[in-house]
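**Student:** Each chain, written out:
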Amino acid sequence: MIPAPPIELRALLPSLIVVATACLVLLLDLWPTRGKGHLATVSLAGLVGALLSAIALWGTRVRGFRDMVVLDDYALFFHLVIGYAAALIVLLSVDYLARTGAESGEYYALLLFATSGMFLLASAGDLIAVFLALELMSLSLYVLAGLFKLRLTAGEASMKYFLLGVFASAFLLYGIALLYGATGTTNVDRLASAAASAPGDPLIMLGLAMLMVGFGFKISSVPFHMWAPDVYQGAPTSVTALIATGSKAAVFAALIRFVVSALRPAQTDWTALLWALAVATMTVGNVVALAQSNLKRMLAYSSVAHVGYMLVGLVAGGPSGAGAVMFYLLAYAFTTVGTFGVITLLERAGDEAVQVRDYAGLARRHPLLAFTLALFLLSLVGIPPLAGFVAKFYLFGAAVKAGFIWLAVIAVLNSVVAAYYYLRVIVMMYMQEPDADSAALAPSFAGGLALAIALLGIVLLGVAPGPFADLALAAVAPLLR
Amino acid sequence: VSIGLLTAVTFLPAAGALALAFLPRRAPGVLRGGALLVTLATFALSLPLYARFDATSAEYQFEEYAVWVPGLGAGYHVGIDGISLLLVLLTTFLTPIALASAWHAIEDRVKEFVVTVLVLETGMVGVFVSLDLFLFYVFWEAMLIPMYLIIGVWGGGNRIYAAVKFVLYTMVGSVLMLVAILALYYQHGLAVGTFTFDLPTVARWIIPAGPAQTLMFLAFALAFAIKVPLFPLHTWLPDAHVEAPTAGSVILAGVLLKMGTYGFLRFCLPLFPDASLALAPWIFALAVIGIVYGAWVSTVQPDLKKLVAYSSVSHLGFVMLGIFTLNTPGLVGGVIQMINHGLSTGALFLLVGMIYERRHTRLIADFGGLWAVVPAFSAVFLVVTLSSVGLPGLNGFVGEFLVLVGAFRVNPWLAAVATTGIIFAAVYLLWMYQRVAFGPVTHEANRALRDLTPREWALVAPLLLFIVWIGVYPAPFTRPAEATVEALILQVQSKAGVSVSSVPDAVARAR
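Residue numbers (the working numbering), protein chains in the order written: chain A, 1 to 481; chain B, 1 to 511.
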């Protein structure tokens with residue numbers, strides 16, 4: 001008789017809170033009311049609850065469901081990153097949805113389901129759990145991407161995201177199957193020891209390669225980045241922010257856990273591949289971003305470039321490399337949510353202002369908003385004393401430490417290329433005269449609060465990075481046991 | 001924790017900027033006045049630095065230290081020696097003048113302008129007082145953005161091109177320096193056992209000579225050489241200067257270019273002595289080419305501002321030449337020449353700005369016979385021009401003379417070629433002056449020009465004071481630098497060991 005697996009609900013606590021909130025939102029949505037603002041409040045409360053539970057659980061290491069779920073500091077760090085991003089996005093969504101007429105209960109429910117998937121992905125200790133969490137997250141995001149049902153671009157975004165997404169999932173699943181066939185396990189830790197005892201097993205290699213392809217799709221690394229610009233452009237801006245920050249952080253969580261634990265025995269074989277992937281990803285992302293006139297597409301390619309920088313941290317490896325990637329994700333989450341948050345506030349002739357040209361003279365029309373966006377963009381460039389600079393500093397420092405000087409050189413030169421297209425937006429805002437039909441909306445209290453938190457985040461991370469970097473380093477520790 | 005004097009000088013402008021940000025933009029007069037008050041207060045606050053500075057000591061003074069990012073070994077470490085003392089004072093002295101020069105010239109978005117200038121001042125002073133590589137880099141990069149905005153928002157017709165070119169040029173150099181800083185950090189950490197960005201600590205370690213040191217030197221040198229700018233990395237400078245508003249040009253020429261030469265003094269020489277000595281001949285060559293080339297190109301410029309911009313390439317060539325002679329007269333001359341260039345070229349840009357405000361043209365051909373119309377302006381212009389030429393009795397002479405003495409000890413031919421730069425300076429500057437001030441009044445529009453107003457007198461008078469003072473009695477300005485320079489030479493010699501012989505017994509004679 002098969003004994004029932006021990007049920008350790010604590011390992012799922014943050015995810016459970018979010019899922020419960022999502023169900024509550026679905027129920028409350030049936031209640032006929034005028035607006036949907038109360039659903040946002042409930043969602044926010046759920047996310048804050050999940051964040052608090054994650055903080056309360058800090059320092060513990062709970063394994064549950066036969067090591068399917070491992071809630072350690074590493075997972076909790078990502079819970080915090082994802083939770084913050086999701087909470088800020090909820091705050092930003094209130095006005096944005098009301099204005100675009102896309103207000104619906106499903107939006108908040110799906111957002112919460114996606115978040116719970118991200119949480120699970122961060123704490124998945126087994127490839128099956130990875131797959132399930134990834135699907136929970138992705139399916140919710142596919143629907144969210146097509147939220148603007150009447151827009152052609154939304155349909156394209158949703159369809160493209162779905163088709164390429166399931167394609168990637170298939171790769172991932174096949175990789176898992178191959179690894180299971182070769183080693184008889186899907187548990188990450190046991191896989192690592194099995195891989196170490198059979199070095200160079202072609203089946204394992206093939207399985208790992210398939211897995212990397214799947215992850216590559218999800219983080220939009222070159223050459224699997226094709227979906228990103230269309231999805232970023234077509235999806236509602238708040239959803240774009242979630243795809244850019246939360247889902248990226250979650251997949252990186254699984255990827256780092258996998259690379260650091262399972263690939264460590266075969267590290268040398270993978271370094272060269274990751275090196276090439278990093279260089280290709282950041283270079284293609286930056287160079288193509290130069291040519292974009294649509295701000296959301298530009299940010300899509302730039303996010304590809306940022307993935308390239310983060311892969312530099314994976315190449316560097318070790319606790320400092322992984323810690324640097326985690327710090328980068330934290331900084332990137334604040335900066336990117338803020339950037340997209342400002343975009344949600346700008347309109348042109350009643351539609352979203354997404355052309356770079358639409359930002360002409362913003363500094364004259366709305367100085368505070370322009371200044372806020374400028375700071376977020378400068379953080380993306382990596383200008384001190386903002387979060388983006390310190391994040392890059394840790395990342396490239398890890399690369400130099402591990403001896404990858406030339407990789408660091410390529411990366412910093414890439415960041416100069418990036419400076420050009422980010423500064424172009426600042427040029428538009430500060431150095432061009434405004435067009436007549438562009439309008440900037442004053443943020444509501446919720447939106448303003450979200451922007452203020454994000455702004456505070458990038459300044460705090462830039463001026464006093466010590467505690468946060470230490471937190472990231474402490475969070476890596478459980479991986480290296 | 002009490003706030004030290006250096007911290008106060010560094011962050012007072014930023015604090016002022018923060019306060020002004022909350023004032024309403026409808027009161028430009030209050031904003032201008034407030035900003036001027038802040039910069040004057042900063043200058044006043046910086047004077048005790050000179051008064052209480054111990055010129056006999058080469059140690060860092062007014063040091064402050066606080067742990068900043070313990071995990072990295074980065075600290076908030078500031079302090080000044082004789083070289084940075086002069087540059088800090090130059091910065092706090094020029095900023096109020098630059099700000100006041102924009103009193104009428106900048107009417108658009110005054111609030112943003114004064115806030116930007118104040119933030120820029122904090123960045124500039126921060127660069128000169130940082131004794132921690134991480135802190136230094138933060139100031140070095142952060143300062144880029146205000147300057148970018150000053151050129152790009154308040155500049156001339158082609159301002160966006162100039163601003164973007166300025167930022168990208170500078171960034172390429174500085175990001176490579178970042179990699180070198182990281183490489184140095186880990187090399188030092190692995191060799192010594194403590195990972196730190198603290199400059200004095202890292203400078204105590206002797207980096208093994210070899211390709212690693214050469215590469216790190218090159219990365220640092222590239223960042224600094226772009227800023228100086230050393231030929232052939234100077235092409236951003238004419239664009240930036242021509243497009244920048246007068247206030248921007250004054251700060252750019254007066255202070256920003258000095259960051260490059262300061263970087264060579266503070267980082268390249270003491271950290272990478274072997275590479276510095278080995279590559280000195282190359283630097284000499286580029287410096288001398290810059291001196292002569294800058295002068296030649298200046299000669300043919302039809303635009304006053306462009307002429308002054310190219311003359312900076314020539315003058316900064318002297319500074320670079322002086323620094324790499326690595327003997328006392330050369331180095332002291334280089335340091336004084338940095339100050340002189342800040343004063344003279346700053347004054348030239350101010351005067352060009354004043355005449356531009358009246359005539360809305362900077363073309364030399366549009367002037368002529370100004371002496372008859374605006375005698376006071378022309379007289380001041382003459383003094384400043386002669387100071388830039390290097391006339392004995394004015395400040396320019398002191399620096400260039402010392403540099404040439406230093407260069408002669410290294411290689412007489414070097415000095416000979418560099419001397420032609422002074423002759424060419426006389427050619428392009430005096431010829432320019434002749435076409436602007438002498439002869440008949442060729443344009444009717446020039447007859448109605450107004451002479452210097454009291455406000456403009458107030459701007460140029462302090463500059464004139466120092467131009468004459470340094471020219472007649474330079475000791476108060478050279479004295480603080482001397483001990484520092486001697487110590488620097490000693491440090492380079494002792495760290496480079498035997499390889500010092502590559503600078504043929506010049507150092508020995510210099511002492």
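Don't read these hints as lab results, they were simulated from the structure. Backbone N, C-alpha and C define an ideal beta-carbon position, used for all residues, glycine too. Warning: the hint list may mix true and false statements.
Claimed, not checked - Covered stretches of chain B (chain A as the covering partner; in silico rule of three or more C-beta atoms under 8 angstroms from a C-beta of chain A): (1) 69-82; (2) 164-175; (3) 260-267; (4) 401-414.
**Student:** Given as covered by chain A, does the segment 164-175 of chain B meet the bar of three residues or more with CB within less than 8 angstroms?
**Tutor:** holds (count 6)
**Student:** Can you take a look at whether the segment 260-267 of chain B is actually covered by chain A? Rule is 3+ residues, C-beta closer than 8 angstroms.
**Tutor:** violated (count 0)
**Student:** Tell me if chain A covers the segment 401-414 of chain B under the three-residue, 8 angstroms CB rule, please?
**Tutor:** violated (count 0)
**Student:** Examine the segment 69-82 of chain B: at least three residues should have C-beta closer than 8 angstroms to a C-beta of chain A.
**Tutor:** Answer holds; 4 residues pass the 8 angstroms Cβ test.
Consistency with the previously given hints fails for numbers 3 and 4, ordered from lowest to highest.
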